[in-house]
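**Student:** These protein sequence lines are chains A and B, in that order.
For the record, in the first sequence the residue sitting at position 208 is 208 according to the numbering used here, with numbers rising by one throughout.
For the record, in the second sequence the residue sitting at position 228 is 699 according to the numbering used here, with numbers rising by one throughout.
Take the hints with a grain of salt, since some may be wrong.
Label-pair restraints from in silico Cβ distances [stated by the list, open to error]:
(1) B:Ala496 to A:Leu26: 52 to 60 angstroms
(2) B:Gly554 to A:Ala98: 50 to 58 angstroms
(3) B:Gly658 to A:Leu26: 27 to 35 angstroms
(4) A:Asp25 to B:Glu733: 36 to 44 angstroms
(5) B:Ala739 to A:Glu114: 51 to 59 angstroms
(6) A:Asp12 to B:Thr476: 50 to 58 angstroms
(7) B:Asp764 to A:Asp25: 49 to 57 angstroms
(8) B:Pro564 to A:Tyr10: 40 to 48 angstroms
25 angstroms max Cα-Cα, derived SDA-like pairs, lysine to any residue [as the list claims (entries may be wrong)]:
(9) A:Lys258 to A:Ala315
(10) A:Lys258 to A:Pro405
(11) B:Lys689 to B:Asn638
(12) B:Lys689 to B:Pro659
(13) A:Lys8 to B:Glu716
(14) A:Lys8 to B:Ala805
(15) A:Lys2 to B:Thr476
(16) A:Lys2 to B:Asn638
(17) A:Lys8 to A:Val29
(18) A:Lys267 to B:Glu716
(19) A:Lys2 to B:Ala805
In case anyone wonders, no lab produced these hints; they're calculated from the structure.
Ideal Cβ positions, reconstructed from N, Cα and C, are used throughout, including at glycine.
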Amino acid sequence: MKQVDVRKAYVDSVTLMQVSRRVADLDGVAAALVAMATDLNLELAAGMGFDVPATVSGNDMLVALDVASDDVLAAARTEVDAALAAASRPAAGGFGDAPPPPTMRAATRDADPETAVALVSTPGQYAFADALDAVDAGLLTMVFSDNVSVAQEVALKRRAGETGALVMGPDCGTAVVGGVGLGFANVVRPGPVGIVAASGTGAQHLLALLDGAGVGVSHCLGVGGRDLSADVGGLSTLRALDLLDADEATELVVVISKPPAPEVAEKVRAHAASLGTPVVFGLLGPGQPDLTATAAAVVEAAGGTWTAPESWGGAVSSRRGQGVLKGLFVGGTMRDEARLVAASALGLEPASLEMVDFGDDEYTRGRPHPMIDGSLRLDRIAHETDDPTCGVLLLDVVLGLGSDPDPAAALVEPVRRATAAGLPVVVSVIGTRDDPQDLRRTAGALTDAGAAVFLSNAAAARAAADLAGAS
Amino acid sequence: MRLGTPTTVLTAGAELLADAVAQQAVDTRRVAWQPPEGDADALAAVMADPRRASANETALSRMLAAEASLVDVRPASEALGLGPGEFLHAGPPVTWERASGPMKGALIGAMLLEGLAETPEAAEAALAAGDGVAWEPCHHRGAVGPMAGVVTPSMWVFELRDDVHGNASWCSLNEGLGKVLRYGAYGPEVVDRLRWMGDVLGPLLQTAVRRTGAVDVKAIVAQMIQMGDEGHNRNRAGTLMFLREVLPALVDSGAPSDDVAEAVRFVAGNDHFFLNLVMPACKLQTRAAAGIDGSSVVTVMARNGTDFGIQVSGTGDAWFTAPANTPEGLYLGAYGPDDANPDIGDSAITETAGIGGMSMATAPAIVRFVGGSVPDALATTQRMYGITVGENPAFGIPILEFRGAPTGIDVTSVVRSGVLPQINTGMAGRVAGTGQVGAGLVTPPMACFTQALDALAARAQQP
Numbered sequence: 001m002k003q004v005d006v007r008k009a010y011v012d013s014v015t016l017m018q019v020s021r022r023v024a025d026l027d028g029v030a031a032a033l034v035a036m037a038t039d040l041n042l043e044l045a046a047g048m049g050f051d052v053p054a055t056v057s058g059n060d061m062l063v064a065l066d067v068a069s070d071d072v073l074a075a076a077r078t079e080v081d082a083a084l085a086a087a088s089r090p091a092a093g094g095f096g097d098a099p100p101p102p103t104m105r106a107a108t109r110d111a112d113p114e115t116a117v118a119l120v121s122t123p124g125q126y127a128f129a130d131a132l133d134a135v136d137a138g139l140l141t142m143v144f145s146d147n148v149s150v151a152q153e154v155a156l157k158r159r160a161g162e163t164g165a166l167v168m169g170p171d172c173g174t175a176v177v178g179g180v181g182l183g184f185a186n187v188v189r190p191g192p193v194g195i196v197a198a199s200g201t202g203a204q205h206l207l208a209l210l211d212g213a214g215v216g217v218s219h220c221l222g223v224g225g226r227d228l229s230a231d232v233g234g235l236s237t238l239r240a241l242d243l244l245d246a247d248e249a250t251e252l253v254v255v256i257s258k259p260p261a262p263e264v265a266e267k268v269r270a271h272a273a274s275l276g277t278p279v280v281f282g283l284l285g286p287g288q289p290d291l292t293a294t295a296a297a298v299v300e301a302a303g304g305t306w307t308a309p310e311s312w313g314g315a316v317s318s319r320r321g322q323g324v325l326k327g328l329f330v331g332g333t334m335r336d337e338a339r340l341v342a343a344s345a346l347g348l349e350p351a352s353l354e355m356v357d358f359g360d361d362e363y364t365r366g367r368p369h370p371m372i373d374g375s376l377r378l379d380r381i382a383h384e385t386d387d388p389t390c391g392v393l394l395l396d397v398v399l400g401l402g403s404d405p406d407p408a409a410a411l412v413e414p415v416r417r418a419t420a421a422g423l424p425v426v427v428s429v430i431g432t433r434d435d436p437q438d439l440r441r442t443a444g445a446l447t448d449a450g451a452a453v454f455l456s457n458a459a460a461a462r463a464a465a466d467l468a469g470a471s
Numbered sequence: 472m473r474l475g476t477p478t479t480v481l482t483a484g485a486e487l488l489a490d491a492v493a494q495q496a497v498d499t500r501r502v503a504w505q506p507p508e509g510d511a512d513a514l515a516a517v518m519a520d521p522r523r524a525s526a527n528e529t530a531l532s533r534m535l536a537a538e539a540s541l542v543d544v545r546p547a548s549e550a551l552g553l554g555p556g557e558f559l560h561a562g563p564p565v566t567w568e569r570a571s572g573p574m575k576g577a578l579i580g581a582m583l584l585e586g587l588a589e590t591p592e593a594a595e596a597a598l599a600a601g602d603g604v605a606w607e608p609c610h611h612r613g614a615v616g617p618m619a620g621v622v623t624p625s626m627w628v629f630e631l632r633d634d635v636h637g638n639a640s641w642c643s644l645n646e647g648l649g650k651v652l653r654y655g656a657y658g659p660e661v662v663d664r665l666r667w668m669g670d671v672l673g674p675l676l677q678t679a680v681r682r683t684g685a686v687d688v689k690a691i692v693a694q695m696i697q698m699g700d701e702g703h704n705r706n707r708a709g710t711l712m713f714l715r716e717v718l719p720a721l722v723d724s725g726a727p728s729d730d731v732a733e734a735v736r737f738v739a740g741n742d743h744f745f746l747n748l749v750m751p752a753c754k755l756q757t758r759a760a761a762g763i764d765g766s767s768v769v770t771v772m773a774r775n776g777t778d779f780g781i782q783v784s785g786t787g788d789a790w791f792t793a794p795a796n797t798p799e800g801l802y803l804g805a806y807g808p809d810d811a812n813p814d815i816g817d818s819a820i821t822e823t824a825g826i827g828g829m830s831m832a833t834a835p836a837i838v839r840f841v842g843g844s845v846p847d848a849l850a851t852t853q854r855m856y857g858i859t860v861g862e863n864p865a866f867g868i869p870i871l872e873f874r875g876a877p878t879g880i881d882v883t884s885v886v887r888s889g890v891l892p893q894i895n896t897g898m899a900g901r902v903a904g905t906g907q908v909g910a911g912l913v914t915p916p917m918a919c920f921t922q923a924l925d926a927l928a929a930r931a932q933q934p
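All chains should be modelled from the sequences, with the hints used to inform the complete structure.
**Tutor:** Dropping the structure here:
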């Protein structure tokens, strides 16, 4: 049955279309038209087979219902009333927050390069676009992502030369900018030393050693491990040197890197020599001073007094049986340095030592970095404890922002089991007094578990080699 | 840039690293990142194109500088050079076989209007055979047409000019709502109305415009944006302001007063009359940005009821097409989703220019077409700033503190964010001859943008 009511009321057409739909959705309602009686709607009503009184005007509301029964008609009229009442009620709540920016470009709108920096850690194959947005905006841009192609790295760094930006990375794990740590960074006191680092964990160790010696850091700018290769040509290193030279807080600059490609080394050294700020090079690798020695030189150059970083003895004072030294690391530069130091002390080829970097791609595919989740290494410590060919175990623990909030907690039990089995465990702890994990508590927990603990990675490696070399 | 202590860190990627920054009492602005659509290498190539940034800046500045004045009203045969049997239509090119119901209906109506067929059946046969008729997109002639967008030689068109860039654009006169040609209806009342528009309304408007002098359409658009119109689905204020401009000259034209009264009644009774002036104004704006090498800014979005097509500044007049989506919204009378045709019309030129759905915040009433809320409308426009290269200060949105309309849709931002331009639109009936069945919201298919990305990549310069 078809019924047409006429009401004296005005409601806008959008609301009425919603009301019509809501009423039409009721069981037993074949069709519903709730609409102002405009010519268009009268035509629609006629087309739907409704008989509309000729007296209606555009200020009347039609409620035209095609229903199965009187009961449905009553229900439909109630629904019309309810829907109209609901539509006139103001919505709860305010206007809501603006949606988050969908791209870095959107995020950089109105960003001031003087006060804003960018941190890109998207998957490497996609990182270029967001990094480029930040570089286009002239921002200091840290690219934490790895697996960015060399061509894209060069494109980013060339573009930065045009916009006045600095690209830190790709694969830059650590930076400190004006006291703010980005990525895996240690909390350091402010001071006169500016760092340019092509190595993330190398930078962290230098930060920790300087802070331990009471020398503060102005900025620590990562440049990515490939920056000083022939392909990239040191573009970010040169730019970072200029920025630190212009920075009032920086009185001394340290560059830490693997030895650069020869033509790049020459360019960087020549540029460094032209600056007003003295530049110290701390090169990593065979025949170079270790990071602790570099830190000592920097502290002296900065007018500080160097004292050897602290250490605490372990529960086991000799190697287990005829076993050899093995190292299990979360920091790649820690691993490389320990391998060189220990091999030199033992008179062995570095490659002959079994030293694993759990931060390497083969261990991080599809899982977090071991500085966040160390479970793979914990399994390996248990395995080495049960393996009699392991005579001395060397580990590193890296504290700081972004890292596991309490790495000692998970290590204590495996270390206790290893030392109880007669396997000496030597640990280098990389951290500062102000790091959120609490350096002293971490070192204490590991010492209590029986480990020998060193705040210098090179000293830890030497101590481990001493244990392994003793007959 | 110089080194200092940052107060804000913009982050994209791992939340853990953003959290570590926030722990240091530094503000973070976090990108809602997601993997991009389309080919990662193509995206990288387009992003790396050294021309892109400046080309997009140029595209934006030309869009902002474009003017739009109504300078004349003329028959399409004269203004667009359409010969007998030559029709224009909305969207990218389409064959009779692939044409949707409303497009076929409008072309049938065009045959009847032009006297090229006596009956709908005869019209259909001639169209199917391509017998003495040909049709091409409005955009190919610099024109635009709402819904089916069919323009015939005898129809009168608005002629707008952008003297800054030396361009012109044209659009037919709006017929009103309900059973109208642009929604695919072709009954006698449709053809009779079109004849009256050609015989009475067109000549009257011509006289009025010629007596008034050029009407600054862009200025009216700027005002309507501040009066609750978004210029696509709501043109109420614009229509009345336009009438205000030409009314004195209409009254003063010496034409019979019953004709003048009928024309004024017709214009005032159709809240969408001004849409057909907004559209060519928007076309002039986006056309000014066309053909800039390296630019990834969208210059055309248009639908023919079968396909959605876009054009991009850096790829000239190439169309990137994919099957059109069907709008979601509210239906007139007893019509429902099954009655709706896929998206149709050149009216998405309004969104291409930054108004319409892109500026939904200025017309909160429109969002209720999909059962949304005022916050939805605000959020939609704010989301659109994420995919556009800039803002148009001439079109300030009061509720957003007069922030300019989000302008210059960027292909790379769309594929990276997955955010598609928001379009407000009318819905045509699926079956030829039905007319309008509702109105609602729709987005373009993502495939249009990934294709455009590939084409931009093929033309990209190495850094």
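**Student:** Assess, step by step, whether the Cα of lysine 2 (chain A) is no farther than 25 angstroms from the Cα of asparagine 638 (chain B), and give holds or violated.
**Tutor:** The hint is violated at about 55 angstroms.
**Student:** Just tell me: holds or violated, for the beta carbon distance of alanine 739 (chain B) and glutamate 114 (chain A) against 51 to 59 angstroms?
**Tutor:** holds (55 angstroms)
**Student:** Are the Cα atoms of lysine 258 (chain A) and alanine 315 (chain A) separated by 25 angstroms or less?
**Tutor:** violated (35 angstroms)
**Student:** Below or equal to 25 angstroms on CA atoms is what counts here, so check lysine 267 (chain A) against glutamate 716 (chain B).
**Tutor:** Roughly 70 angstroms separates the two Cα atoms, so the pair is violated.
**Student:** Keeping to a limit of 25 angstroms between CA atoms, is the pair of lysine 689 (chain B) and proline 659 (chain B) held or broken?
**Tutor:** violated (36 angstroms)
**Student:** Measure nothing beyond the straight line between the CA atoms of lysine 2 (chain A) and threonine 476 (chain B); if it is 25 angstroms or shorter, mark the hint as holding.
**Tutor:** Given pair lysine 2 (chain A), threonine 476 (chain B) is violated - Cα atoms ~74 angstroms apart, limit 25 angstroms.
**Student:** If you draw a straight line from the CA of lysine 8 (chain A) to the CA of valine 29 (chain A), is it 25 angstroms or shorter?
**Tutor:** holds (23 angstroms)
**Student:** Is the hinted range of 36 to 44 angstroms satisfied by the C-beta distance from aspartate 25 (chain A) to glutamate 733 (chain B)?
**Tutor:** Hint holds: Cβ distance 41 angstroms, inside 36 to 44 angstroms.
**Student:** Is the hinted pair lysine 8 (chain A) and alanine 805 (chain B) satisfied, with a Cα-Cα distance of at most 25 angstroms?
**Tutor:** holds (23 angstroms)
**Student:** Does asparagine 638 (chain B) lie within 25 angstroms of lysine 689 (chain B) when you go C-alpha to C-alpha?
**Tutor:** Cα-Cα ~14 angstroms, so holds.
**Student:** Is it true that alanine 496 (chain B) and leucine 26 (chain A) lie within 52 to 60 angstroms of each other by Cβ?
**Tutor:** holds (56 angstroms)
**Student:** For the pair we were handed, lysine 8 (chain A) and glutamate 716 (chain B), check the Cα-Cα distance against 25 angstroms.
**Tutor:** violated (35 angstroms)
In this structure, the hints that do not hold are numbers 9, 10, 12, 13, 15, 16 and 18, in rising order.
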